[in-house]
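Chemist: Listed in order, the protein sequences are those of chains A and B.
Residue numbering for the first sequence follows the numbering used here, starting at 166 and increasing by one per position.
Residue numbering for the second sequence follows the numbering used here, starting at -3 and increasing by one per position.
These are computed hints drawn from the structure, not numbers from a lab.
Each residue gets a CB set at the ideal place from its N, CA and C atoms; glycine is no exception.
DEER-style ranges, computed between Cβ atoms:
id : chain 1 : residue 1 : chain 2 : residue 2 : range
1  : B       : Ala50     : A       : His275    : 46 to 52 Å
2  : B       : Gln37     : A       : Val185    : 22 to 28 Å
3  : A       : Thr223    : B       : Lys11     : 45 to 51 Å
4  : A       : Arg220    : B       : Asn6      : 40 to 46 Å
5  : A       : Thr273    : B       : Glu64     : 37 to 43 Å
6  : B       : Glu93     : A       : Asp192    : 20 to 26 Å
7  : B       : Gly67     : A       : Val185    : 41 to 47 Å
8  : B       : Arg18     : A       : Thr223    : 32 to 38 Å
9  : B       : Ser34     : A       : Asn187    : 21 to 27 Å
Here are the simulated lysine-lysine pairs, DSS-like style, with alpha carbons at most 25 Å apart:
id : chain 1 : residue 1 : chain 2 : residue 2
10 : B       : Lys11     : B       : Lys53
11 : B       : Lys7      : A       : Lys207
12 : B       : Lys7      : B       : Lys53
13 : A       : Lys233    : A       : Lys166
14 : B       : Lys13     : B       : Lys53
15 : B       : Lys53     : A       : Lys166
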Amino acid sequence: KQEVTQIPAALSVPEGENLVLNCSFTDSAIYNLQWFRQDPGKGLTSLLLIQSSQREQTSGRLNASLDKSSGRSTLYIAASQPGDSATYLCAVRTSYGKLTFGQGTILTVHP
Amino acid sequence: GAGVSQSPSNKVTEKGKDVELRCDPISGHTALYWYRQSLGQGLEFLIYFQGNSAPDKSGLPSDRFSAERTGGSVSTLTIQRTQQEDSAVYLCASSLEAEETQYFGPGTRLLVL
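Let the hints inform the model, and build the full structure from the sequences given.
Modeler: Encoded structure:
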C-alpha cells in the first residue's frame, strides 16, 4: 500500500527566505507526482506535475524535483512571500487515476 | 474557462438522512474523481470515473456510499443513512485524461449532527 509522508508538518519563515518542502513515498512504481496548495476553506490548486520519467519541473519561483528510485520529491520555493502561506500537499499516482496524498505541510510566511 | 464546480458548498444534515453531493467537471474532461478530506485522515480517494469504463470504487468506505456519472459529465455522490463520522469536506476533481493534472473543485462541507 502506497504511503506518502511530508516533512515538516509545519514551517514558519520570514519573508524572502528560500525554503524546501519534502515528500517521500514508499512505492517507487509511480506514474507521476503532483504538488498542490490549499488555502483555508478552499479547494486544491495544482502547482506542478512531474511525470515518472522526469527529474524536475519549474514554474516561476517554484521548483519541484523527483527521485523516483529513492521515493523522494522536494518542492523548492524561492524568495518566499506572505501570499505563499498555505498548506502544501504532495500526491502520487500509482494506479490509473487515483492519487494518494500526504498529510501536508502548513507554511506561514510572515512579513 | 470555468473550473470544477460543486454544490452545495455547505450541507448540514441529521444522522440517518440521505445526502446528495453534485460535481460539474471541466467541460471536455473525461476523468472525474471524488475525494474526502477529514481531520486526522487527510485526503482520501473515494471513486474514479474514466469515460464509459466501469468506475474504480475501491476507495468507498462502505456500501452507504455510491456515485454515478450521467452522460459522461455531471456526477452525484450519494451517502445513505449518514453517520457523524461522514462529516468531512468532499472534493471533486477532473482531468483531461487519467494521467493528466487533476483540477479540484472548492468542495462540499458536510456536517452530520
